[in-house]
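Undergrad: Residues per chain, in single letters:
There are 2 protein chains.
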Amino acid sequence: MKSREVQLKSRPPGLPSPDDFEIVEVDVGDAQEGEVLVRNLYLSVDPYMRGRMRDRKSYVAPYGLGETMTGGAVGRVVTSRASGIAPGDHVLSNYGWREAFRAPGERVQLLGELAAPASAYLGIMGMPGMTAYTGLLAAASLADGETVFVSGAAGAVGSVVGQVAKVKGCRVVGSAGSADKVRWLTADLGFDHAFDYRDADLRAELGKGAPEGLDVYFDNVGGDHLQAAISHMREFGRIALCGAISMYNDTEPAPGPTNLARAIGMGLNIRGFLVRHYGHMRDDFLRDMSGWLADGRITYRETVFEGIESAPEAFIGLFTGANIGKMVVRVGDAA
Amino acid sequence: MKSREVQLKSRPPGLPSPDDFEIVEVDVGDAQEGEVLVRNLYLSVDPYMRGRMRDRKSYVAPYGLGETMTGGAVGRVVTSRASGIAPGDHVLSNYGWREAFRAPGERVQLLGELAAPASAYLGIMGMPGMTAYTGLLAAASLADGETVFVSGAAGAVGSVVGQVAKVKGCRVVGSAGSADKVRWLTADLGFDHAFDYRDADLRAELGKGAPEGLDVYFDNVGGDHLQAAISHMREFGRIALCGAISMYNDTEPAPGPTNLARAIGMGLNIRGFLVRHYGHMRDDFLRDMSGWLADGRITYRETVFEGIESAPEAFIGLFTGANIGKMVVRVGDAA
Chain A
1 MKSREVQLKS RPPGLPSPDD FEIVEVDVGD AQEGEVLVRN LYLSVDPYMR GRMRDRKSYV
61 APYGLGETMT GGAVGRVVTS RASGIAPGDH VLSNYGWREA FRAPGERVQL LGELAAPASA
121 YLGIMGMPGM TAYTGLLAAA SLADGETVFV SGAAGAVGSV VGQVAKVKGC RVVGSAGSAD
181 KVRWLTADLG FDHAFDYRDA DLRAELGKGA PEGLDVYFDN VGGDHLQAAI SHMREFGRIA
241 LCGAISMYND TEPAPGPTNL ARAIGMGLNI RGFLVRHYGH MRDDFLRDMS GWLADGRITY
301 RETVFEGIES APEAFIGLFT GANIGKMVVR VGDAA
Chain B
1 MKSREVQLKS RPPGLPSPDD FEIVEVDVGD AQEGEVLVRN LYLSVDPYMR GRMRDRKSYV
61 APYGLGETMT GGAVGRVVTS RASGIAPGDH VLSNYGWREA FRAPGERVQL LGELAAPASA
121 YLGIMGMPGM TAYTGLLAAA SLADGETVFV SGAAGAVGSV VGQVAKVKGC RVVGSAGSAD
181 KVRWLTADLG FDHAFDYRDA DLRAELGKGA PEGLDVYFDN VGGDHLQAAI SHMREFGRIA
241 LCGAISMYND TEPAPGPTNL ARAIGMGLNI RGFLVRHYGH MRDDFLRDMS GWLADGRITY
301 RETVFEGIES APEAFIGLFT GANIGKMVVR VGDAA
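In the order they appear, the protein sequences are chains A and B. Residue numbers for the first sequence follow my numbering, beginning at 1 and rising by one. Residue numbers for the second sequence follow my numbering, beginning at 1 and rising by one.
I should point out that these hints are in silico values taken from the structure, not numbers from a laboratory. One should not assume that every hint holds.
Note: identical chains are not told apart, hence a pair may lie in one copy or across any two.
Simulated pairs of lysine to aspartate or glutamate, EDC-like, Cα-Cα distance not exceeding 20 Å [said to hold, decoys possible]: (1) K57 to E252; (2) K57 to E212; (3) K208 to E309; (4) K168 to D20; (5) K57 to E235; (6) K166 to E146; (7) K57 to D89; (8) K168 to E106; (9) K2 to E302; (10) K2 to D144; (11) K57 to D180; (12) K57 to D19; (13) K57 to E302.
Predicted model only: the values in this text are computed from it and were never measured.
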């Protein structure tokens, strides 16, 4: 079986361009003893992958030049020589941007009977959804009825953060990068206040949306957003640092918040986290989220690019605001 | 009874000078019903008082111009018309830089039989000691045997932080601003590594003192120290933000740490705190600290200025590194 794959060709100092990637065709070969052969349905493009394009130590190893862009993908088993896995099974894997692949059975995760469309396992039912859930409930220790601000609120993580907070009876304020996104947040997701950060005075908007101040800030953006949120936190407020997408393409380190000393007098707690730090919460997450989806308390949107050749463009679109909700690339027929 | 007092005369944008203060003499008057008349023995000068000299909202109200510099002081009761308080009793108060004062009995704190010299109630047995104790054990959740870095390590708070960490079996690294201070930390206080930050490469010194990285950083300094510590934290490390003395005299907000995003991948927790957030730990603190002092596991030094007219100079000295251990001003005869 042939598979097209997307490899990293060069390391951009700033915003990536399609030229930094190369599409190659490889022969996947037949499944060997213990292996499965999988045809992907959807590939995930996620902001954290930008960090892996830099040649420096971080919490995940950098991509090598000429290496295929590994990351989340959901697919179906074509042939299996691994016990417990059958053709037709849906599996989640981390082999990334390829149409098909062959792997040891233990390196793919069986999804069982799908509780949502396959692509949702890359979003609301997957890593971004669980990032939102664990970051809000554990890293930020959300209590019912508090006031929450989430940046990047129309993204795969932010849109779940806001909705989980609403389920918990919170007042929710969100920032996003277009009028359409803002409308989605307030009209469909139940945000109490949302604003387009591109033409906004952040502190004024926080004052409008949360006149009593913030108990929790869920940071997907960093930079000015973090600075404004620190200024608007209530005593004993918590900030969960999840991402800093405004800074991922910086060529020089950007200055940090100048008001960090406010954390002293206000007793603020700022906690960085990765979803893998909260792996023990997986069962709770899957149970709660599938329940909330089933009863309509939480909804989601996806932005879908077509064909593996569009993966670089979809990925770059994360940083230019091209997505509402989770960004995925469809590479197979999910039917 | 006459009392000389130090009032704030002008608000310096940068490092204060003696001209920003004025010494006035007032008539204290006689104790009225319910009041005590107290002659102070020692006045406290503390870095947090710098923030109160600025006319802006913070966790303590700013000093007014022409207002006496309130803050910690320890004294003895001269006359008492308050129940339960007798002449000769030692009391802690917050009336600040004055030789004597008159106050409602409930506004002074009886020290009972002294477990240490009177001045120690402004330092190791008082606010700075309890700041160190609560910040390390509660805000930073110190566990036995961890590796700790404390900046401003020869100060009133830092010197206690390091010693409490040693009592808890930790490896301790400290920074200070002179060779004498560094010698005190390693020779007398048992620090495993200490260095003079003025001529040091902070990250190189942390590498030397804590080759495996830091579990806890207790920040008294901010600025470059905080940046270097963030870079050197181990996974799930904790940073207690106690003060930022390097920035208190800045006329413009200094840029924050550029490496805050490292908190995400490493799961770092950064918590600001004030000693008053941990008031419920007072009994534990007093019991532990008096025990550690009695059995010689913890020791302390003071830098003593003489006479109320030296209070401004003593205070300014906090920012120029004039003190080893707690800085106090003696205004009465403790014998």
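Undergrad: Taking the hints in turn, state whether each one holds.
TA: Status of the hints after comparison with the structure:
1. In the homo-oligomer, the alpha carbons of K57 and E252 lie at most 20 Å apart inside one protomer (17 Å), although the nearest pairing across protomers, at 34 Å, exceeds that limit.
2. With identical chains, the CA atoms of K57 and E212 are at most 20 Å apart between copies only, with a shortest distance of 16 Å across copies and 41 Å within one.
3. Proximity of K208 and E309 under a CA criterion of 20 Å is satisfied in neither setting, with 43 Å inside one chain copy and 49 Å between copies.
4. Within a single copy, K168 and D20 get their C-alpha atoms no closer than 43 Å, and across copies no closer than 52 Å, so neither meets the 20 Å cut-off.
5. When the C-alpha separation of K57 and E235 is checked against a cutoff of 20 Å, the pair qualifies only between copies, where the shortest distance is 14 Å, while the shortest distance within a copy is 35 Å.
6. Only within a single protomer do K166 and E146 lie at most 20 Å apart by alpha-carbon distance; the minimum there is 10 Å, versus 39 Å between protomers.
7. In this assembly of identical chains, the alpha carbons of K57 and D89 never lie at most 20 Å apart, being 36 Å within a copy and 61 Å across copies at closest.
8. Taking the closest pair of Cα atoms, K168 and E106 never come within 20 Å of each other, the shortest separation being 36 Å inside a single copy and 43 Å across copies.
9. Proximity of K2 to E302 under the C-alpha cut-off of 20 Å is found in neither arrangement, the shortest distances being 28 Å within a copy and 77 Å between copies.
10. In this assembly of identical chains, the alpha carbons of K2 and D144 never lie at most 20 Å apart, being 51 Å within a copy and 56 Å across copies at closest.
11. For the homomeric pair K57 and D180, neither the shortest alpha-carbon distance inside one copy (37 Å) nor that between copies (38 Å) is at most 20 Å.
12. In the homo-oligomer, the alpha carbons of K57 and D19 never lie at most 20 Å apart, since the shortest distance is 24 Å inside one protomer and 52 Å across protomers.
13. With identical chains, the CA atoms of K57 and E302 are never at most 20 Å apart, being 31 Å at best within one copy and 44 Å at best between copies.
Of the numbered hints stated above, those contradicted by the structure are hints 3, 4, 7, 8, 9, 10, 11, 12 and 13, listed in ascending order.
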